[in-house]
Amino acid sequence: MATSLEISIKEQQGFVEIQLNGEVDISTVSDLKTKLYEVVDKNNCDVRIDCSNLNYIDSTGLGALVGALKKVKENQKNIYIDNLKSNIRKLFLITGLDKVFIIEE
Amino acid sequence: MGQLHDFKENNTNEIDLCIALFPEMVRVVRLTVSGIASTVGLHMDVIEDIKVAVSEICNRLITQNISPSQRCIIKFVISGTDLKVIFKFEDYKPKDFKLFDEEDSFGLAIVNSLMDDVIVENASDSLDIISLIVHLEESLV
Chain A
0 MATSLEISIK
10 EQQGFVEIQL
20 NGEVDISTVS
30 DLKTKLYEVV
40 DKNNCDVRID
50 CSNLNYIDST
60 GLGALVGALK
70 KVKENQKNIY
80 IDNLKSNIRK
90 LFLITGLDKV
100 FIIEE
Chain B
0 MGQLHDFKEN
10 NTNEIDLCIA
20 LFPEMVRVVR
30 LTVSGIASTV
40 GLHMDVIEDI
50 KVAVSEICNR
60 LITQNISPSQ
70 RCIIKFVISG
80 TDLKVIFKFE
90 DYKPKDFKLF
100 DEEDSFGLAI
110 VNSLMDDVIV
120 ENASDSLDII
130 SLIVHLEESL
140 V
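For the protein sequence lines, the chains are A and B, in the order given.
Take numbering that gives the first Met the number 0: the final residue in the first sequence is number 104, and no numbers are missing along the way.
Take numbering that gives the first Met the number 0: the final residue in the second sequence is number 140, and no numbers are missing along the way.
Careful: at least some of the hints might be erroneous.
[As the list claims (entries may be wrong)] In silico DMTMM-like cross-links for lysine to aspartate or glutamate, where the CA-CA straight-line distance does not exceed 20 Å:
id	chain 1	residue 1	chain 2	residue 2
1	A	LYS89	B	ASP44
2	B	LYS83	B	GLU23
3	A	LYS89	B	GLU13
4	A	LYS32	A	GLU16
Source of the hints: derived by calculation from the structure; they are not laboratory data.
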C-alpha cells in the first residue's frame, strides 16, 4: 500500500522547516517520529512545521509532536505549527495542544 | 434528509465493514467511513468527526495485540434518531478492555469530544466491544 505521508525537511536561516504532506496516522507516525527526532538531535534551533498539505493527524501523531517538543525545549527552543487546516486545528483545541505549541497562520 | 429516507425505504439500516485490522488498514477504514456517513446525508463536519473517532478506536484495538486472523467488524446502524458505530471481532472479545489508558489521553479526549455518546460494552454475553453514537437530528445536511 502506498505511503500516505511525505515529509520534506529544509534547513533555513535560524530554523528548520518541516513540510508534512498527506496523513499522519498509526501507519505513518513512526516515519514522522524518526525524522522529527533526527532534526531535533542534529539542529539546536527552532523547528517550523508547515501543515498546509497535512490532511489528517490522529492521537499518535499528536503524541509524536509532543515528544519532539519536549526534546526541543531542553535546548530552550520551540516548535511552531504553521497553516493548520480547520479539521486539524479542532484536534489541537480538543486536546489543549493549542496552548502547548505556537500555532501560526 | 432525502438520503436517510432512501435508507429506510430499502430497509438497509445496517452496514457491516469486516476487515483485518492492522495499521495500514486504518486509512481504508477512514475512507469507507466517509463514504457511509456521506451516504447517510450527514453534514461534512460530522462526517469528519466520525472518521476521526472511528480511527482512534481502530488504533486502540490494534494496540490490544489481537491476532490478525481475527477480523474486525465495524457495524453502522442507522436508526431514526442515531447513527451507532459498533466495534467487535468475529469470535473474540478482549478481556477488561479499557477505552484508553493514561498514556493515551489525547485519543480519549478526541473520541469523547467528537461523539455524542461512547459506550464500552462490558456484557459477557455479547461480542460488542465499544459503541460510538451520533445523534442525527442535529447532524443531517
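Verification of the supplied hints:
1. A:LYS89 with B:ASP44: holds (11 Å)
2. B:LYS83 with B:GLU23: Violated, because 24 Å separates the two Cα atoms, which is more than 20 Å.
3. A:LYS89 with B:GLU13: Roughly 30 Å between the alpha carbons, so the hint for LYS89 of chain A and GLU13 of chain B is violated.
4. A:LYS32 with A:GLU16: holds (15 Å)
Of the numbered hints stated above, those contradicted by the structure are hints 2, 3, listed in ascending order.
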